[in-house]
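J.: The residues making up each chain are set out below.
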Amino acid sequence: MTTFERFERSIPKLMTELAPARVPEYFDDMLRETASHGQRPAWSYPERWLPVEITARPLSTRSFPWRPLAILALIALLVAAGLAVYIGSQTRLPPPFGVAGNGVLLYHAPGGAVVSFDPKTGSQATLASAADHRGEPFPSRDGQRVAYIPRSDEWAQIIVSRIDGSEATPLAGKYRGIESVAWSPDGRQLAITSFDLIRKSITIIEADGSAAHALDLKHDVWQMAYLADGRLAIIAAERPRDSCPVEDPNVSPCALFVVNADGTGLDVLIPAADFHGLKIDPSPDGAELVWVEWSIGSGTIEQPDAPGRLHVFDLATGVDRRVPDDAFPALYNINRAGFSPDGSAILFDFFEVEGDHWAVVPATGGAPMRLGQKVPKSGTDAAWAPDGRSVLARYPTTDDELGPSELWILDATGGGADRRLDVEVPYLPTWQRVAR
Amino acid sequence: MDQRELVLLAQRGDHDAFATLAGLFVARLDAAARLILRDHDLARDAVQDGFIRAWRSLPSLRDPDRFEGWLRSLVARSCIDILRRRGRRPIEVGLMATDGPSVDDPSVATADRELLDAILRRLPPEQRAVVVLRYYFDLEVPEIAATLAIPVGTAKSRLHRSMTVMRAALADIDPEAAPLAKGQLA
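Residue numbers (numbering that gives the first Met the number 0), protein chains in the order written: chain W, 0 to 435; chain F, 0 to 185.
Calculated from the structure, these hints are not laboratory results. Beta carbons are placed, not taken as given, at the ideal position from N, Cα and C, and that holds for glycine. Mixed in with the good hints, there may be bad ones.
With beta-carbon atoms standing in for the labels, derived distance ranges [unchecked claim]:
| no. | chain 1 | residue 1 | chain 2 | residue 2 | range |
| --- | --- | --- | --- | --- | --- |
| 1 | W | L68 | F | P123 | 37 to 47 Å |
| 2 | W | A210 | F | A167 | 29 to 39 Å |
| 3 | F | A167 | W | A329 | 24 to 34 Å |
| 4 | W | L330 | F | P123 | 21 to 31 Å |
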């Protein structure tokens, strides 16, 4: 028995010693006090007649304030009219989360140029030439700007430009080994995870180039994603001295945390003991996270001790539920998953004995719908289109994951209207969000 | 007369029945309030407030068999309310010396007691309430959540953080103590 276990077992007893239970000296006074108060009759309690879920809601019982409401309504009307005039004069932007319109595809061409491609018209435009040495393009949530993320092990700057490539601005700091990138909901900052000599950490970078600061989390951070409220959900080592992830599938050092974007308020959502997480993705309304439970078997389809399974975690209640897989085959595995833009479905890589596909399943569970062709080689990648009606998938066609590939737009509605794009890309392009 | 009958009588305005019920539970609730609030006077206020609320709203209790949990919930929430009204100012007054039962090794017991005292002082009030409900009343997490009217996840995370603090405190005095802390935070 460890010291902690011994101590924990003794806590009830220690508490009784620390605060012995005895009738307090104020007991009689207290009873006199209670007797001086009348009881409310039973019939006057809504709880006697209605379910507690209803009666527990705060009620407004004061007299109806007609006059202030009328004034407020008038003010609201004037503000709404002003806003309508203002908004009408502005560029329409998509919301930072949720369903949006499909804009252009952005990608880093094999020669080094950064290119935009309109899948509707087939037209292309060069945002930056190879000589500009820009990284992989990553459009902002409002689709108005692009961050170029260097994918090398050399120290390099991140650059942000307008969506057409103009007004390129280098951001503060140099980074290497960047693993993940996310635009903040308000578009003012970028969060990245990268190696800082010792461990993987999160750096928040002002998108106007003015500053950058690393969050002092002291935990090895593996993945992160912005929530709609501006906080970050992260997978990180539960203990500061551990690494996350580790290669030993029997060890689970990583926990699911949430943290404010200034590094404060680090809080465990799911402790490591309950979290073998491979991949997280927040729902568009920020209420839930989908995560993939890691295989702790040998990692092969033949030995699926606890193969990749979809889980949905409710951020408000802390309740974690496994997505029902009754309609799935007996043997399958999953590594990656992401919510659809409307939050109703989950896209995932579906590894089966008969062959691998990209697939979608309702977030509440149900039959998986396989999309497109069988995955021919390893290294495939896919993402939802901003409108949620299709999925962009890249399939390497050789053993070189960055080599020749096919790029497809897969119909996620079940209509089968898949189409191949005549574009050669070493990575999966990113899709600009535009107003619908 | 059993407890259910006493509750039914008290619900009909029988204050003597209520006094009998109060006598059954006041000692442990007072002790719990002292553990949560770390102050005798505040504990008195919380218990008194809880019992007054109980007497006044007893007719609203739909299930007499749930009286004990309901009363515990009222006192626990009174504790939290008092702390909120005080604006979370730290309470420095310690608990009185104990006259609890003897133990096998008095020095170990005293050290453990002092350690628990220090740990409770280190915890924020909301976490302290969760720990007291868990260990003093032996409640499970869903019951704790219901008692404090908080989501189960919140109760779970508060308990988890409390455990982390305890492990850290133990590690401070005994570095060999355990592979520390699933969930230890910086």
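J.: For each hint, tell me whether it holds in the structure or not.
T.: Going through the hints against the structure:
1. In this structure, L68(W) and P123(F) meet the distance hint of 37 to 47 Å, their C-beta atoms being roughly 40 Å apart.
2. For A210(W) and A167(F), the hinted distance range of 29 to 39 Å is satisfied, since their beta carbons lie about 33 Å from each other.
3. For A167(F) and A329(W), the hinted distance range of 24 to 34 Å is not satisfied, since their beta carbons lie about 45 Å from each other.
4. At roughly 47 Å, the beta carbons of L330(W) and P123(F) sit outside the given window of 21 to 31 Å.
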